[in-house]
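Line by line, the protein sequences are chains D and W. Okay, so the first sequence: first residue is 215 according to my numbering, each after it adds one. Okay, so the second sequence: first residue is 152 according to my numbering, each after it adds one.
Hints were generated in silico from the structure; no laboratory data involved. Among these hints, one or two may not hold up.
[Stated by the list, open to error] In silico DSS-like links for lysine-lysine, alpha-carbon gap of 30 angstroms or less: (1) K164(W) - K355(W); (2) K381(W) - K415(D); (3) K160(W) - K391(D); (4) K323(D) - K337(D); (5) K367(D) - K381(W); (6) K354(D) - K314(D); (7) K381(W) - K389(D); (8) K414(W) - K328(W).
Listed below are the residues making up each chain.
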Amino acid sequence: MHDNNGMKNNVLKMENTSMQFGGVLALNNLNLDVYEGEIVGLIGPNGAGKTTAFNVVTGVYPPTNGAVYLDREILVENYPQGKMKELYSGENKGKYTVAKVLTPDRITKLRVARTFQNIRLFKDLTVYENVLIAQHVKQKSNWLFASLMMNHKEEKAMREEAMRLLEILDLVDVKEKTASSLPYGQQRHIEIARALATDPKLLLLDEPAAGMNPQESDELMHFIGRIRKDFGLSILMIEHHMQVVMGICERIYVLDYGKLIAEGSPKEIQSNKKVIEAYLGVDD
Amino acid sequence: MIVMAFEYKRLNKTTKIILTLLLIAGCIVLTYMLDKGIIGTSYTVRIVRISVIYALIGVSMNLVNGFTGVFSLGQAGFMAIGAYTVGVLTIPLASRPNVYYLVPISEKIQDLVMPFGVALIIGGIFAAIFAALIGTPVLRLKSDYLAIATLGFSEIVRAIIANNQMWPITNGSLGLKSIPTFPSLFIPVIISTVGIAFMVLLIKSSYGRAFKAIREDEVAAEAMGINLFKHKGLSFIISAFFAGVGGGLLAAHLTAIDSNQFKIMVTYELLLIIVLGGLGSVTGTVISSFMICSGKELLRWFDLPHSIGTWKIPIFRPGLRMVIFSLLLMTVVLFWRRGLMGRKEFSWDGIYNFLRRWPWRVRRLIRGDYSKKQEEVTPNA
Chain D
215 MHDNNGMKNN VLKMENTSMQ FGGVLALNNL NLDVYEGEIV GLIGPNGAGK TTAFNVVTGV
275 YPPTNGAVYL DREILVENYP QGKMKELYSG ENKGKYTVAK VLTPDRITKL RVARTFQNIR
335 LFKDLTVYEN VLIAQHVKQK SNWLFASLMM NHKEEKAMRE EAMRLLEILD LVDVKEKTAS
395 SLPYGQQRHI EIARALATDP KLLLLDEPAA GMNPQESDEL MHFIGRIRKD FGLSILMIEH
455 HMQVVMGICE RIYVLDYGKL IAEGSPKEIQ SNKKVIEAYL GVDD
Chain W
152 MIVMAFEYKR LNKTTKIILT LLLIAGCIVL TYMLDKGIIG TSYTVRIVRI SVIYALIGVS
212 MNLVNGFTGV FSLGQAGFMA IGAYTVGVLT IPLASRPNVY YLVPISEKIQ DLVMPFGVAL
272 IIGGIFAAIF AALIGTPVLR LKSDYLAIAT LGFSEIVRAI IANNQMWPIT NGSLGLKSIP
332 TFPSLFIPVI ISTVGIAFMV LLIKSSYGRA FKAIREDEVA AEAMGINLFK HKGLSFIISA
392 FFAGVGGGLL AAHLTAIDSN QFKIMVTYEL LLIIVLGGLG SVTGTVISSF MICSGKELLR
452 WFDLPHSIGT WKIPIFRPGL RMVIFSLLLM TVVLFWRRGL MGRKEFSWDG IYNFLRRWPW
512 RVRRLIRGDY SKKQEEVTPN A
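The following block holds chain D by itself, in its conformation from the complex (with noise of 0.2 angstroms):
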């Protein structure tokens, strides 16, 4: 399917990932694939599954079954285990049998960044601090040397990137406010500035444009646009907003109730049948 792109690096791939709670499916077997340099969009109706397919990806909890590689490295993998043995309903069970667990900073190590739904900056710390504090993760010296300021060096460059992030960015006015005073837009920015702070390769972003205006959003396209060129990302992004999804997106994948309905360019999406059917209902 993806021979054009095959020369490319892939950059995530998740293989027939499910996840399940308790009885409920909420993904069912995704294969999904990003790579090196892209903006894949994935998008379906409310409660499809897109942001748990986040959680699995970032480490908030392991998947029910399947695998997903980062760079064609295993990142995580499991299989059914205790009472989900019997209770699992998805598709190919049996199919895998190592458990590879990582938790989310693990993850945020290797180079993966996201963002969230309901924005979650730190609240009552400046704008600058919260971009510092992303930083926390290239840290090397001990708690020991870093309290008795002998790691100066590294302090010094953890604060001069933070700060020129903030100049690339365009957030240096707003540096010394606290997160929570700034208008929603702005916040999402700030958001994005401090994923970027962990020098990630693949970011993912859970509705950017949320609650944003047509303005608004039109500006986080072309800012979203110019970060891929400006760190060399690949990003994943969930997205409701079509104008934004179709604006930038190169490929988009579309779930529905955990499952993968279609896959395709925009184009190819706007005129699916089954997405269509999804998105506003079968006449009966």
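Fit chain W to the given chain D structure using the hints.
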């Protein structure tokens, strides 16, 4: 009518350095004068001593509760470990038979005497080791559950100390006495200052910022690559170390300790100090430690009987002190909801502008535009 906006001004660097040096010199002179009895009495010295010790323990508790956002109530247990370590290791050989008169001291430690400084550090390390042991299971819990688990831990420590099998070491429920006290007021003051300074530096480092991130939002902090368990554990262990050191200082201050002095009440008192000062403010903790420790003593006047002429006023009797103390606390908490300092820290700029603001406020009041919205230009930093 023009509403004058208040302008936030900063002092220049040289002024700040001079002021800081003056403040340090002032503290040294004050400590010296108290120590030599030039000002105050031995009673004042005791109050200052207990205040600085509680300031150290308070800041250590604030590190976990206020900066890392982990609701831990085990501080009394760590204090007890530090206090008993210092007690056991520093009681002079000559007085040991008098202390352990019921059950003789264990042979393994009967000749073991250490200098105060070494004993203090060992006490801190013991407390830190205990913190590491209980931290492994307990730090996986959240909020209230964590509070209950740590509270339980501190009670277990107390029970173990008073336990029969521990008599040869801890002297059980008889407690320890004849612990040598400080030769000078400078010793607790310097140790507390160094301890607090270290924690301030830790908070200002990258690790401190990670602690704050965990306090603000655990999920986001983890997504930023911060290992929750490791950083919570770090904060918990360092806090326990300084609580142990503070407990050791307390043992030397009191010269006699027993396990009942480390009941839950002590933890509540510390909680009071850090909440009153402001969760997440080191300055606030130090200020409120002095306020509470001295306040409890100064209010003793209310416990004494007083009379107008021959009529003895009935409400002045032992216990009134605590009623007044509680009323004062309630008032403070009502007016300063986030504690005296909130999350702010001491800064010369802050004091300078606080003082400058008063005439401005008065002028505004006279002009009568009090209802107008305050137009203050205050930077967030």
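Status of the hints after comparison with the structure:
1. K164(W) - K355(W): Status holds; Cα separation ~19 angstroms.
2. K381(W) - K415(D): 25 angstroms, holds
3. K160(W) - K391(D): OK: K160(W) and K391(D) at ~17 angstroms, within 30 angstroms.
4. K323(D) - K337(D): It holds: about 23 angstroms lies between the C-alpha atoms, which stays within 30 angstroms.
5. K367(D) - K381(W): The hint holds at about 24 angstroms.
6. K354(D) - K314(D): 26 angstroms, holds
7. K381(W) - K389(D): This hinted pair holds, its Cα atoms lying about 29 angstroms apart.
8. K414(W) - K328(W): Given pair K414(W), K328(W) holds - Cα atoms ~18 angstroms apart, limit 30 angstroms.
Consistency with the previously given hints is maintained throughout, with no hint failing.
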